[in-house]
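Trainee: Now for the letters of each chain:
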Amino acid sequence: MALALRAAAVAATEGRTSMRPLPAPSPLIKTLRGTIALLPAYQVLPAHGDAPPAFTEVGFRYSRYSEDSIDAERVIFGSSQRYDIDISQFWLEAPVGSNWAVALDIQNDYQTGASPWFVGAQVDGEPGVIMSGASIQDNRLEVGVTTRYFWTDGNAGFTVSHSDEDDYESVSAGVDLSWSNESKARTWSASVSTSNDRVSPTIGVIPVFIDQEDLDTQSGYFGVTQILSRTAVLRVGLNYTYSEGFLSDPYKLNDERPSTHERTALSAGFRQFFIAADGSLQLDYRYYRDSWGTDSHTLELGWAQNLAQGMVTPYFRYYSQREADFYSAPADRSATYYSDDYRLSTYGAYTLGLKWAINVGDWVFELQGERYKSGGGWGFHNSEAAPALVDFWRGTVGVIWRFD
Amino acid sequence: MGGPASIVIDDDSPPSDGHEALFRSLHARLNELESRYSRFRAGSLINLINLRAGSGMPTEVDTETATLLNFAAELWRASEGLFDITSGALRKAWDFRCGSVASPARLAECLPKIGWNLVEYENDAIHLPLAGMEIDLGGIVKEYAVDCIASRIRKAGASSALVELAGDVVAVGKQANGQPWQVSIRDPDGGDALLTLSLCDTAVATSGNYARTINHAGRRLSHFLDPHTGWPVDGPISVSTLDRQCLTAGAIATVACLKPDRKAERWLEDADLPWLMMKSNGNLSGPLLETASHQ
Numbered sequence: 057m058a059l060a061l062r063a064a065a066v067a068a069t070e071g072r073t074s075m076r077p078l079p080a081p082s083p084l085i086k087t088l089r090g091t092i093a094l095l096p097a098y099q100v101l102p103a104h105g106d107a108p109p110a111f112t113e114v115g116f117r118y119s120r121y122s123e124d125s126i127d128a129e130r131v132i133f134g135s136s137q138r139y140d141i142d143i144s145q146f147w148l149e150a151p152v153g154s155n156w157a158v159a160l161d162i163q164n165d166y167q168t169g170a171s172p173w174f175v176g177a178q179v180d181g182e183p184g185v186i187m188s189g190a191s192i193q194d195n196r197l198e199v200g201v202t203t204r205y206f207w208t209d210g211n212a213g214f215t216v217s218h219s220d221e222d223d224y225e226s227v228s229a230g231v232d233l234s235w236s237n238e239s240k241a242r243t244w245s246a247s248v249s250t251s252n253d254r255v256s257p258t259i260g261v262i263p264v265f266i267d268q269e270d271l272d273t274q275s276g277y278f279g280v281t282q283i284l285s286r287t288a289v290l291r292v293g294l295n296y297t298y299s300e301g302f303l304s305d306p307y308k309l310n311d312e313r314p315s316t317h318e319r320t321a322l323s324a325g326f327r328q329f330f331i332a333a334d335g336s337l338q339l340d341y342r343y344y345r346d347s348w349g350t351d352s353h354t355l356e357l358g359w360a361q362n363l364a365q366g367m368v369t370p371y372f373r374y375y376s377q378r379e380a381d382f383y384s385a386p387a388d389r390s391a392t393y394y395s396d397d398y399r400l401s402t403y404g405a406y407t408l409g410l411k412w413a414i415n416v417g418d419w420v421f422e423l424q425g426e427r428y429k430s431g432g433g434w435g436f437h438n439s440e441a442a443p444a445l446v447d448f449w450r451g452t453v454g455v456i457w458r459f460d
Numbered sequence: 127m128g129g130p131a132s133i134v135i136d137d138d139s140p141p142s143d144g145h146e147a148l149f150r151s152l153h154a155r156l157n158e159l160e161s162r163y164s165r166f167r168a169g170s171l172i173n174l175i176n177l178r179a180g181s182g183m184p185t186e187v188d189t190e191t192a193t194l195l196n197f198a199a200e201l202w203r204a205s206e207g208l209f210d211i212t213s214g215a216l217r218k219a220w221d222f223r224c225g226s227v228a229s230p231a232r233l234a235e236c237l238p239k240i241g242w243n244l245v246e247y248e249n250d251a252i253h254l255p256l257a258g259m260e261i262d263l264g265g266i267v268k269e270y271a272v273d274c275i276a277s278r279i280r281k282a283g284a285s286s287a288l289v290e291l292a293g294d295v296v297a298v299g300k301q302a303n304g305q306p307w308q309v310s311i312r313d314p315d316g317g318d319a320l321l322t323l324s325l326c327d328t329a330v331a332t333s334g335n336y337a338r339t340i341n342h343a344g345r346r347l348s349h350f351l352d353p354h355t356g357w358p359v360d361g362p363i364s365v366s367t368l369d370r371q372c373l374t375a376g377a378i379a380t381v382a383c384l385k386p387d388r389k390a391e392r393w394l395e396d397a398d399l400p401w402l403m404m405k406s407n408g409n410l411s412g413p414l415l416e417t418a419s420h421q
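Those protein sequences? They're chains A and B, same order as listed.
Under the working numbering, residue 460 is the last one in the first sequence; the count climbs by one each step, no gaps.
Under the working numbering, residue 421 is the last one in the second sequence; the count climbs by one each step, no gaps.
It is worth saying that the hints were derived from the structure and are not from the lab.
Just a sample of chain A residues kept apart from chain B, beta carbon distances all over 10 Å, derived:
hint	residue
1	Ser135
2	Asp165
3	Trp235
4	Thr243
5	His317
6	Gln338
7	Leu339
8	Thr350
9	Thr369
10	Ser376
11	Gly454
Here are the computed lysine to aspartate or glutamate pairs in the DMTMM-like style, where the Cα-Cα straight-line distance is at most 25 Å:
hint	chain 1	residue 1	chain 2	residue 2
12	A	Lys429	A	Asp305
13	B	Lys218	B	Glu160
14	B	Lys389	B	Asp360
15	B	Lys405	B	Asp352
16	A	Lys86	B	Glu206
17	A	Lys86	B	Glu200
18	A	Lys86	B	Glu395
19	A	Lys86	B	Glu248
20	A	Lys308	A	Asp346
21	A	Lys429	A	Asp127
22	A	Lys86	B	Asp188
23	A	Lys86	B	Glu190
24	A	Lys86	B	Glu391
25	A	Lys86	A	Asp418
Ideal Cβ positions, reconstructed from N, Cα and C, are used throughout, including at glycine.
I would like the entire structure built from these sequences, with the hints used as guidance.
Mentor: This is the structure in structure tokens:
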């Protein structure tokens with residue numbers, strides 16, 4: 057068999073830079089790559105030093121979140137319509153020189169609809185909901201900037217962001233660090249962040265009883281990602297968050313929560329790639345508990361299937377939560393702390409979703425749809441369903457453009 | 127390996143144990159591959175397998191060799207027998223250095239000893255059943271060597287390097303100044319570069335018949351030989367392909383050179399890697415003409 061002789065010359069010079077990603081592998085290339093995948097030379101292809109993104113990436117994503125109407129039989133007064141939220145995200149990430157990258161993230165949420173004001177008793181004694189009316193409109197704009205430095209074994213980022221809406225303002229800052237061992241098989245991640253929030257509720261159709269309150273939050277994370285084999289990756293992480301200040305919901309009549317909130321979450325993720333199927337199994341678990349007596353389990357199972365031009369990922373998520381110590385419906389106002397917020401109740405939920413990414417040259421088009429349903433008896437802890445448990449649909453379309 | 131080697135490691139991303147230790151390690155790895163897979167070297171594994179042809183004595187092979195043999199077998203199947211590591215026996219009929227055309231009698235003698243399907247290969251032991259049979263991994267080992275060197279550089283912690291072995295290239299990361307590596311594909315006719323590629327973590331492999339040819343009856347006969355007929359293929363002058371790894375890029379380019387122009391184009395389209403072909407009439411074709419930049 058003939059060898060290629062000297063047909064290429066190389067030169068390390070500056071020149072054109074409009075790189076394009078290689079196309080998705082054809083069946084022939086997949087077969088050939090699969091044959092040699094066990095050779096050590098092909099097991100660590102990504103294991104080079106950390107580097108800024110090779111491309112500038114610009115993306116836009118629009119999501120529509122729409123809650124189902126609340127069951128009319130459970131409404132004592134008010135509209136049965138609930139929240140709809142239009143979420144628009146724009147981001148830009150670009151390399152700066154050989155060691156830096158900068159990212160800009162902008163998100164705008166526009167929400168309309170009604171939310172439960174409080175839980176009372178219906179004629180038959182069963183709990184029912186008094187809604188806030190369908191006149192709520194709110195807009196939130198969040199802008200964040202991240203600068204990131206890369207070196208051979210890792211990268212570090214610094215993020216500041218500001219979020220503003222009619223009745224809520226938040227300023228936050230954080231640093232994160234990621235570094236790998238010599239073989240690049242293990243990566244540690246750590247981050248800390250702090251935020252200062254100011255609540256100044258606006259009076260609409262329902263009364264509010266505070267003028268202005270503050271909330272401070274600090275959070276830390278430590279995690280490790282270990283490459284188990286050339287096709288399997290495991291990640292575990294621990295997150296701790298501490299908040300102090302005004303933690304109640306000013307738009308709920310019966311809501312008096314403690315002024316501190318400690319939250320701890322242990323998370324794990326496992327990815328197993330199957331060469332023959334050209335897809336990967338995604339398994340994620342998260343255990344959460346907090347100082348209010350709530351704990352929860354989240355289990356997500358997904359399958360990411362590579363396609364000729366993109367990837368499709370169906371997924372299923374299960375969630376089970378135990379209620380906070382001070383939750384009851386209707387709320388017990390004689391207690392020090394009380395709340396009838398359904399989000400603090402005992403319940404279970406599942407989400408069925410599908411993500412589809414389509415690659416066309418330098419462009420990626422995204423489609424995603426998911427259905428979320430919840431029920432009082434669906435969790436590990438059986439309970440009477442809170443009268444305002446929510447079900448929703450969420451749909452997302454997005455486009456990403458990468459260029460050099 | 128059939129040509130010079132060039133390894134450039136950008137100073138801004140030094141290997142963890144220093145440049146000198148890394149270059150010693152790379153040199154040792156190249157020597158190891160050469161001594162194991164060169165059919166010319168007495169005592170090489172390939173030489174031993176060929177010496178035992180027809181003896182009834184199988185030769186055990188290590189995992190790396192078995193994997194390369196499996197790759198060659200897969201390529202033989204995919205190319206419908208055109209890529210055949212047993213076709214080295216045809217060297218006894220053709221001498222491209224002297225420029226002499228094979229005689230029909232010599233071809234008739236060689237052809238029965240060619241065919242991967244004849245090889246007894248199981249349980250990581252290989253035996254060539256006919257005396258005079260030969261295998262030659264030269265069609266894939268050079269490209270594999272480039273991948274091995276690039277992998278070793280990455281493992282050493284260097285994030286910016288360019289590896290070239292006799293025309294096959296792997297770009298590791300970008301240059302330290304953030305610019306992609308610039309790799310030119312040379313015009314086989316000796317003119318300027320056909321095009322210049324901007325590469326990052328990408329391999330480019332080139333196969334061509336222009337370097338060793340025989341002029342016969344007014345035709346330029348290629349050194350790419352059809353293992354079914356033993357006769358030179360009237361195919362492309364050169365083919366370059368890009369992939370994440372040099373071995374697959376080189377394999378696709380080499381098989382393309384074993385086909386006539388039209389079939390070569392169809393093969394390259396099926397492989398769906400970026401490619402550039404100089405056809406037998408000297409015209410260029412392929413998607414790399416439209417864009418010269420890849421990651």
